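2 protein chains.
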Amino acid sequence: MSRVRRKAGTKEALLVLAPPLVVDPKANRGNWRGYFKNNNQIHIELGMGRGIFLFTLAQKNPDINFIGIEIKEEVLLSGVKKNLAYNLPNLAYVWGDIGDLAGFFANEEVARMYINFCDPWPKIRHAKRRLTHGNFLDIYRAILQESGEVHFKTDNEDLFEFSLNQFCAKNWGLENISLDLYRNLLVDNVPTEYELKFVEQGLKIYRLEAIKNKHK
Amino acid sequence: MSRVRRKAGTKEALLVLAPPLVVDPKANRGNWRGYFKNNNQIHIELGMGRGIFLFTLAQKNPDINFIGIEIKEEVLLSGVKKNLAYNLPNLAYVWGDIGDLAGFFANEEVARMYINFCDPWPKIRHAKRRLTHGNFLDIYRAILQESGEVHFKTDNEDLFEFSLNQFCAKNWGLENISLDLYRNLLVDNVPTEYELKFVEQGLKIYRLEAIKNKHK
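From first to last, the protein sequence lines stand for chains A and B. Going letter by letter, the first sequence gives residues -15 to 200 in the numbering used here. Going letter by letter, the second sequence gives residues -15 to 200 in the numbering used here.
By construction, these hints were calculated from the structure, which means they are not laboratory data. Wrong hints could be hidden among the right ones.
Repeated chains share a single entry, so a pair holds when one copy, or any two copies, can fit it.
[As the list claims (entries may be wrong)] Below, computed lysine to aspartate or glutamate pairings styled on EDC-like, alpha-carbon distance capped at 20 Å:
| # | residue 1 | residue 2 |
| --- | --- | --- |
| 1 | Lys107 | Asp164 |
| 2 | Lys188 | Asp139 |
| 3 | Lys107 | Asp84 |
| 4 | Lys112 | Glu58 |
In this text the structure is predicted, and so the values were computed from the model without any measurement.
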């Protein structure tokens, strides 16, 4: 996110916040249940930003383990700090790149993934950077359990259309597709910070749930 | 379509136009290739209206047999009359109800179905009348070949969202989903009469292709 200004010392400020920051996520690959010290499901958010969405879910669902992944340390630091006072035992943060996902999680280790308002990368030559590109979907498929799901929201029509086609081409099962989430709002929708701004501006929110194995 | 006024004598005027009107479509069930006197693929349009779309396709594709189905005789008559001068041997018209589709076509007799700008039936209690309701999709699945397809266009966002979910719930494979057809117009798009009016009004056109057996 170019909207965030780089600040010297952020990295150092972040690293002292471990836990809930996980300094070496690859060391937990295949053993996140050991990290959380229980056998609960693991839900992750790709590009968690300041993390209000995941924090809300973690508060509401103490029996699920949540991991937020974010590469921009300034944003991540702000999120971790804000939530630190609550010290939720079921919420952890990974400072890392989505491209390294298969290094953070073993096959079938994750039950659900959230992707909220990711960068649309509108230029065709950047299509592979979109988090719903087929190459990413293959990585997600590997780390998700058989009944695993991706929940995806965006305000970008082109990205949503692209995503629908990518998920379908890769044979995911789609459910609860919405072309205007706030037209018939689900009672349990948890908005992100961006989402609320977009809705105020009158933008539409698109949403889908993609099931790894549709015959679950 | 309530926009069309009933006219006395329409039925009689229509019936003398056989062929290309097929007076007893059920008699051809399982033997449409006999009707057309060749083994070409059969493509049908549900609710063909005045039939410009299907007529254009029939002109462009002499090696495919086209059948338009329409229940409103005033609209159908206008379409049949307009096209009569061309006397295309690969184009036939059925005056009938989509609910009777399985009576018109045998299992796996149809290669492709077009549904263009059908009635959205916006009230929830009328959902079963929408031509992309799961109950209809089951009928379409029966009459379509293994590699058969439904090509669907609408200007109605709610109907398109509903349709995406219905096709996905019924395990159809989706391809070429477009949330704004005229943003990246396919070169081979054939517009309907309504479509051109909608586009002039600045409305978006939604489109998808649904494949009966996605592992074709």
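Status of each hint after checking the structure:
no.: 1; hint: Lys107 to Asp164; in the structure: between (24 Å within a copy, 17 Å between copies)
no.: 2; hint: Lys188 to Asp139; in the structure: both (6 Å within a copy, 17 Å between copies)
no.: 3; hint: Lys107 to Asp84; in the structure: neither (23 Å within a copy, 47 Å between copies)
no.: 4; hint: Lys112 to Glu58; in the structure: neither (25 Å within a copy, 51 Å between copies)
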